[in-house]
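Peer 1: Protein chains in written order, with numbering that gives the first Met the number 0: chain S, 0 to 316; chain V, 0 to 561.
These are computed hints drawn from the structure, not numbers from a lab.
Source: prediction; values computed, not measured.
Don't take each hint at face value.
Stated by the list, open to error - Calculated lysine-lysine pairs in the DSS-like style (CA-CA distance at most 27 Å, straight line):
#	chain 1	residue 1	chain 2	residue 2
1	S	Lys223	V	Lys502
2	S	Lys78	S	Lys50
3	S	Lys78	S	Lys299
4	V	Lys3	V	Lys110
5	S	Lys154	V	Lys182
6	V	Lys26	S	Lys150
7	S	Lys299	V	Lys504
8	V	Lys120	S	Lys223
9	S	Lys223	V	Lys497
10	V	Lys502	S	Lys299
11	S	Lys160	V	Lys182
12	S	Lys83	S	Lys154
13	V	Lys308	V	Lys120
14	V	Lys504	S	Lys223
15	S	Lys154	V	Lys26
16	V	Lys26	S	Lys160
17	S	Lys78	S	Lys154
18	V	Lys3	V	Lys118
19	V	Lys70	V	Lys26
20	S	Lys83	S	Lys150
One-letter residues, chain by chain:
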Amino acid sequence: MDRRDFIKTTGKTLAFAAATTAAGVLFHNRRVAGVEPIVLKTSDFTVPTEKSLPQIALARNTDHVAALHASLDAVGGIKRFIRKGDRVTIKPNIGWDRTPEQGADTNPVLVGEMARLCLAAGAAIVIITDVPCNEPRRCFLRSGIRAEAEKAGAKVVLPLKEDYIRTVMGGQMLDVWPILKYFVQTDKLINMPIAKHHSLSSFTGSMKNFYGILGGRRSQLHQKIDQSIVELATFSKPTLTVVDCTRVMLRGGPTGGSLDDVAIENSVICATDQVAADSRASEFLGLTGEQVGHIALADKSGLGKLDYRSVGYKEIT
Amino acid sequence: MSIKTVRNLRRFSQIVFFVIFFWLILKTTFEVHFTPANAAEIQLPYPVSIALEFDPLAALSTLLATGTLFKGLLWSLVILVPTIFLGRFFCGWVCPMGSLNHWISEIRGVKGVASNARKIKSNRYGKYQRIKYYILFLFLAAALFGSLQIGLLDPLSLLARSIGTAVLPTIHTAALELLGWVKGLGVPTLATGAQSVYDVTTSLLLPYRQAHFHGILIIGGFFVMILILNRLITRFWCRAICPLGAMLGLFSRWTLFGLQKDEASCNHCNQCLIACQGADDPDVGAVWRQPECHLCLNCQAVCPQSSLKFKFYPQQTVTVANPAGTPRVDVSRRMVMTSLVAGVALVPLLRSGDAFEVNSDPLLIRPPGSLSESEFTARCIRCGQCMRVCPNNALHPTLLQAGAEGIWSPILIPRIGYCEPTCTLCGQVCPTGAIAELTLTRKVGNEIVPPNRIGTAFIDRGRCLPWAMAIPCIVCEEWCPTSPKAVYFAEETVIDRKKNEVKVKRPSIDPELCTGCGACEYACPVTDRAAIYITSVGESRSTRNQLLLKTRNLSRPPGRTA
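Using the sequences and the hints, build the whole thing.
Peer 2: Here it is in structure tokens:
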């Protein structure tokens, strides 16, 4: 072996050893695992308050579309809430594989009409989605919401595992949680719950409906249900709340199933104060806001008014 | 029509039938944009299991096991009757598993003299090809005594099961991983591109959401092994193992169609042997074995001398240099008897253990509408269609939960997915009626008809938050779909460790109302092992596996339980 060969051979070996060492040092990391990215999102979709208008209106009419129009007009009409070019997400309750008559999911006719109104007011796109408890395809189909929403020209999207964003929610219980992106990446958010009985929280309406924006094992939130509902509603401030009280499930909630448990009330509430809306809607179950833990707690935390008459309640019959 | 054209027709036919088979499996799902005529009672728009109903082996074995030919299985005559005239055209022209084996065998690796010599040797008829007949006899004898094991090796069941529960879910996982990786690179254009590629793939190939199946490694491994064997011996599976091929071989006994060889023009170039799929000795000088031939027509198409010809009523003159073909199956009487006896003995062997009905696994939850265990095992061909169609990914192939007899039959695992109360899809796709098709009323019940039950829920009070840890919860009751709810609760004030009074709702089960759907177990927030769980007791399909004393409704005639 001559000197040249020696240098060449040894050089190669040394270079390879150096590269191996460099790679090890380069990728060295003392932390156990990478931390998942967390995204901060705005969730305030409210429009400025107008003192002259009531913050809550209830309309009663066997024609449910007319009831929606009447109550909506009383709180300022669609033009107050939707601007031209807005991306709108409507959040009905599509939680269960039930038919409209069973009153477990929001009345599909109301959802369709709301989408139609938003599009007529110039919305660029109306997305309708939810994170159901039961199988999403069945819930969307059998609730009748998919059909009515598509007929109205809205885009119905099923929740997919990839479509959740880990979001800082800033609550005591809800610190960081996966939220379906359509509920944070939008211009306007319309909450469209159905009023019904719930075994743990005794009533579910607008605030409880926001459970449906969450992914993950959200059923663990039941351990502190009132607190978690209020934190959710504090995080997610909708542009408008429309409570479907056309069919109200009085017992066996939130799933129900028997038509005997459903009272026909033919009423629609539109509100900019979700606490007031829930307080009024809970009366259909023979309750008052004080008797419902999360409504009382929300009032105390200043999220809205339990005494709905104090925010200019209007009733149209 | 020249022979080359006919061969191209055969190639085309193989592709068409494979695509149809694959497409039907893809369609065995609840599609996102599917709009049924009646949204309240969802019916699949296509008969997605029809390919399996054309399977003569599924037909014959369920006929032996149950005494009847179930519903669509009559279609199998469309395959079987022409086989009687022509021979195993199904294997060469139709069978999707056969085509897959064909393609993998024929993707050229090494070309040249050595490879040809190897082919000439390995494509000669070999004694190993008799195995398939013995497998067939064994399984048919077992079927006659009520145990249907044919589904393990039936090519159509095997392919449907492998694609549905192993191949497609694996593709889905890979696609999602890849998508996540590309998105993680942080280049927006790449991410959008990857997303659109993924969206297209999803709309063509993948169901709405990723399915995870219990124990697919064995199903997938078995499938891959079958495919790899083709590289060693051409269409090894079809030649040696396939019981359907064996059955069709037996049905070729009196065919009118066959191979005629002309000795005078043959120059013994052996091209026919190199191209042969079935290893049936098509060359001049050997006895052509009709029951082994797939009718691929390769030998005739490659013969440079036109010495080989498939025709009706081929000449049967026998000479020493050019013997005529034989329609006889090459099996020994002794081995046939042995396999039949083994098949007969297999059933009591499988059932004298305790897994079958005597001490069955309490977690053996069968799909809704399933027949009693003995009738179920007489019908289930383990095609996996129920598992694929289940929108909640609730149904899985068993390993040993149903005993060795029930390997890969469906089991419901509520922790992964519960039985959607109004869904009847699994019964709709079952090709053999092992899962009866339920109407919505039969599934959920009404005042007169009881609901279909698959088990009963039990509460593990040691793990239940309100029972064991003074923490409010009651998610099980929230999810319970029956009306009134089978999960009910008592509100109690309990003292926690710090001596605080805590109001909790403690759940209990009403077994009269529980259908065993498993929604409670699925939703239970005790993540690893649920504090509420389903066992099979109370299932409608069993008279023995019951919890409650049945009381008869006196307004009904005696002998009938609802």
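Peer 1: When you check the alpha-carbon spacing of lysine 160 of chain S and lysine 182 of chain V, does it fall within 27 Å?
Peer 2: 15 Å, holds
Peer 1: Just to be careful, I want the Cα atoms of lysine 154 of chain S and lysine 26 of chain V compared with a cutoff of 27 Å; is the pair within it?
Peer 2: Within the cut-off at roughly 24 Å; holds.
Peer 1: Does lysine 120 of chain V pair with lysine 223 of chain S here, judged by a C-alpha cut-off of 27 Å?
Peer 2: Not OK: lysine 120 of chain V and lysine 223 of chain S at ~75 Å, beyond 27 Å, violated.
Peer 1: Against the 27 Å threshold, does the CA-CA distance of lysine 78 of chain S and lysine 299 of chain S hold or violate the hint?
Peer 2: 32 Å, violated
Peer 1: Would you check the hint for lysine 70 of chain V and lysine 26 of chain V, treating anything up to 27 Å between C-alpha atoms as holding?
Peer 2: 21 Å, holds
Peer 1: Check the hint pairing lysine 26 of chain V with lysine 160 of chain S against an upper bound of 27 Å on the C-alpha distance.
Peer 2: 22 Å, holds
Peer 1: Starting from lysine 308 of chain V, check that the Cα of lysine 120 of chain V is at most 27 Å away, please.
Peer 2: Holds. Lysine 308 of chain V to lysine 120 of chain V sits at ~22 Å (cutoff 27 Å).
Peer 1: For the pair supplied as a hint, lysine 3 of chain V and lysine 110 of chain V, confirm whether the alpha-carbon distance does not exceed 27 Å.
Peer 2: 22 Å, holds
Peer 1: Mind checking the alpha carbons of lysine 154 of chain S and lysine 182 of chain V for me, to see if they're no more than 27 Å apart?
Peer 2: OK: lysine 154 of chain S and lysine 182 of chain V at ~25 Å, within 27 Å.
Peer 1: Between lysine 3 of chain V and lysine 118 of chain V, does the CA-CA distance stay at or below 27 Å?
Peer 2: 22 Å, holds
Peer 1: Quick one, are lysine 299 of chain S and lysine 504 of chain V close enough, alpha carbons at most 27 Å?
Peer 2: 25 Å, holds
Peer 1: Given the hinted pair lysine 502 of chain V and lysine 299 of chain S, is their Cα-Cα distance within 27 Å?
Peer 2: Between lysine 502 of chain V and lysine 299 of chain S the Cα gap is close to 21 Å, so the pair holds against 27 Å.
Hint violations for this structure: numbers 3 and 8, all remaining hints satisfied.
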